[in-house]
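2 protein chains.
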Amino acid sequence: MKVVKTVKEVREIVAGWRKEGLTVGLVPTMGFLHEGHQSLIRKSASQNDRTVVSVFVNPIQFGPNEDLEAYPRDLNRDMQKVEEAGGNLIFNPEPAEMYPGHFTSFIDTTETTELLCGAVRPVHFRGVCTVVGKLFNIVCPDRAYFGQKDAQQLATVKRFVRDLNFPVEIVPCPIVREDDGLAKSSRNTYLNADERQAALILSKSLKLGKQAIEAGERDAQKVIDIIRKNLETEPMARIDYVEVVDFENIQRTASIQGEVLVAIAVYIGKTRLIDNFIVNI
Amino acid sequence: MKVVKTVKEVREIVAGWRKEGLTVGLVPTMGFLHEGHQSLIRKSASQNDRTVVSVFVNPIQFGPNEDLEAYPRDLNRDMQKVEEAGGNLIFNPEPAEMYPGHFTSFIDTTETTELLCGAVRPVHFRGVCTVVGKLFNIVCPDRAYFGQKDAQQLATVKRFVRDLNFPVEIVPCPIVREDDGLAKSSRNTYLNADERQAALILSKSLKLGKQAIEAGERDAQKVIDIIRKNLETEPMARIDYVEVVDFENIQRTASIQGEVLVAIAVYIGKTRLIDNFIVNI
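For the record, the sequence lines run as chains F and D. Per our numbering, residue 1 is the first one in the first sequence, and the count goes up by one each step. Per our numbering, residue 1001 is the first one in the second sequence, and the count goes up by one each step.
Derived from the structure by calculation, the hints contain no laboratory data. Cβ coordinates follow ideal geometry from the N, Cα and C atoms, glycine included. Wrong hints could be hidden among the right ones.
[What the hints assert, rightly or not] Chain F residues, not near chain D, derived (Cβ > 10 Å throughout):
| id | residue |
| --- | --- |
| 1 | V7 |
| 2 | P100 |
| 3 | D108 |
| 4 | T110 |
| 5 | E111 |
| 6 | I138 |
| 7 | D163 |
| 8 | A198 |
[As the list claims (entries may be wrong)] Quick list of in silico lysine to aspartate or glutamate cross-link-like pairs, DMTMM-like style, CA-CA up to 20 Å:
| id | chain 1 | residue 1 | chain 2 | residue 2 |
| --- | --- | --- | --- | --- |
| 9 | D | K1207 | D | D1219 |
| 10 | D | K1184 | D | E1084 |
| 11 | F | K19 | D | E1020 |
| 12 | D | K1204 | D | D1179 |
| 13 | D | K1019 | F | E20 |
| 14 | F | K8 | D | D1179 |
| 15 | F | K19 | D | E1084 |
| 16 | D | K1210 | D | D1179 |
| 17 | F | K8 | D | D1142 |
| 18 | D | K1019 | F | D49 |
| 19 | F | K158 | D | D1219 |
| 20 | D | K1008 | F | E169 |
| 21 | F | K210 | F | E169 |
| 22 | D | K1008 | F | D142 |
| 23 | F | K158 | D | E1084 |
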């Protein structure tokens, strides 16, 4: 698996592909790849002639008290995972390659970033939009792949791509889960054995909310209450948020109609986990 | 001269050119074109196979008390001017085409926008960066042309293009002046006969500053004083700013060395005019 470190190198390789008339997919990641990422790479490989996977722990999307330093990294493992899933190139820049001196420009979007993770991680989505916009300009892909696991990120990327006319198609991909229901996440590696067991409360509680909607419940607050009540049965869980929002704008909705995102963030010990489902009614 | 109104149309035309292997230049303008704009179009036509001129009075770069409504518009005249100068296509979107409902994403850059016009026009450069970034994504030009007349805008566009890796070369073009020295500007049309005469004080005062530097003056404050003192001899002139900054970062410099921008903004009656020169020592 070829790994390049500089903007110049990735551009030269993609320009060569373009000359051959090949299409290009991009899967932006922070590395420590799991089957969730691999599902994005596989999707890209099925829709494009070539797939670039960026592996970059983006410092500007971490707040001052977040886990930038602790975030797990293993490039050799990532190379294997990309190979397995059918990717063609890893772009793995150093922070100084992405953020040279006097770096002072940002892409930001407001509406979709106000609630959920945006409310508690104030610089997070500015960092996400900026690095994703940079990657679009570096790779110039036809399509880019984002997991529904980070549903607010997906809605936010879709918004800034539309607003700023980036010539790239955003392809959403479903959440990949462990056999017992836990959503795959690089941060799951932080969990000890007890926490790993306790973390099941997220997917289990969401399932109860989804069942209520499927049984006809349309009152968002009642769905929230069902989920919160179940989350509270787990002594190791501390709720950050339980929200019901319209998926396009990420604004609260009182009744469940249209495309609705039910999203939760829960601390298990010191590890903050997120999970969600989307319904379309 | 072909004029298109939608993103879709301009993309289709440019895609056709690309298929033929042609290079594309972009000249972003707010219309009411004069010889300054035409010099950009000519430069683009000399360096690219095809030149797109955008004509769009961009609402989001005007503050609430600025001249958005009054800003002069004349598309038929602009079509002639583009034709004369060798442009191939005008992109003239309606505001709703550029800013649809729930438009909430912006490109912003801090350092180069703090002083000069950025200090008195707080949303101006966010609006400029956003519309220019959109135009880059819509047209995907090889090169884009900006006049040194708007020197802070030029430095700001260069900065965000570098920071966000937009794959476009920024080509700066010198100021074009009337025979008597007044820098060409669409806003000159606001001046009555007396104001038009009084407006000469801008270029005359800058000339004195430039002569002082050429004679060996390296103290920025002394150059500022020479320019201010001369501007104050014109009763119809009201100084907004006189500044000496390094051109790359648009930060104040005490001594004149390297690439230095000497920039002024002066009200003549109700009309705010800007002018500048750059030295490289």
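Each hint, compared with the structure:
In this structure V7 (chain F) is not separated from chain D by more than 10 Å, as the shortest Cβ-Cβ distance comes to only about 6 Å. The Cβ of P100 (chain F) does not lie farther than 10 Å from every Cβ of chain D; its closest approach is about 8 Å, which violates its non-interface assignment. Non-interface status of D108 (chain F) relative to chain D is broken: a Cβ of that chain comes within 10 Å, the nearest being about 6 Å off. Remark: the non-interface label on T110 (chain F) conflicts with the geometry, its nearest Cβ contact in chain D lying 4 Å away (cut-off 10 Å).
Against the 10 Å criterion, E111 (chain F) falls within the reach of chain D, whose nearest CB is about 4 Å from its own CB. Not every CB of chain D lies more than 10 Å from the CB of I138 (chain F), the least distance being 5 Å, so the non-interface label is violated. Distance to chain D contradicts D163 (chain F) as a non-interface residue, since its nearest Cβ pair spans about 4 Å, not more than 10 Å. Every C-beta of chain D lies more than 10 Å from that of A198 (chain F), the closest at about 37 Å, which supports listing it as non-interface.
Using a Cα cut-off of 20 Å, the hinted pair K1207 (chain D) and D1219 (chain D) holds, with the two alpha carbons roughly 16 Å apart. Note on K1184 (chain D) and E1084 (chain D): the hinted pairing holds, with a Cα-Cα distance of about 18 Å set against a maximum of 20 Å. Under the criterion of a C-alpha separation no larger than 20 Å, the hint pairing K19 (chain F) with E1020 (chain D) is consistent with the structure, at around 13 Å. Proposed proximity of K1204 (chain D) and D1179 (chain D) is supported: the alpha carbons are some 13 Å apart, at most 20 Å.
Between K1019 (chain D) and E20 (chain F) the alpha-carbon distance is near 13 Å, which keeps this suggested pair within the 20 Å criterion. For the hint pairing K8 (chain F) with D1179 (chain D), the CA-to-CA distance comes to about 45 Å; that exceeds 20 Å, so the pair is violated. A hinted pair counts as satisfied when its Cα atoms are at most 20 Å apart, and K19 (chain F) with E1084 (chain D) does not qualify at roughly 35 Å. Our distance criterion of 20 Å between C-alpha atoms is met by K1210 (chain D) and D1179 (chain D), whose separation comes to about 19 Å.
Between K8 (chain F) and D1142 (chain D) the alpha-carbon distance is near 16 Å, which keeps this suggested pair within the 20 Å criterion. This hinted pair checks out: K1019 (chain D) and D49 (chain F) have alpha carbons roughly 19 Å apart, not beyond 20 Å. Between K158 (chain F) and D1219 (chain D), the direct Cα distance comes to roughly 50 Å. Violation of the 20 Å bound is thereby established for this hinted pair. For a cut-off of 20 Å, the pair hint linking K1008 (chain D) to E169 (chain F) stands: about 15 Å separates their Cα positions.
Annotation: proposed proximity of K210 (chain F) to E169 (chain F) is violated, straight-line Cα distance about 29 Å (limit 20 Å). For the suggested pair K1008 (chain D) and D142 (chain F), the alpha carbons sit about 16 Å apart, so the restraint of at most 20 Å is met. Between K158 (chain F) and E1084 (chain D) the CA atoms are separated by roughly 40 Å; this puts the pair beyond 20 Å, and the hint is violated.
In summary, the structure is inconsistent with hints 1, 2, 3, 4, 5, 6, 7, 14, 15, 19, 21 and 23 from the numbered list given earlier, while agreeing with the others.
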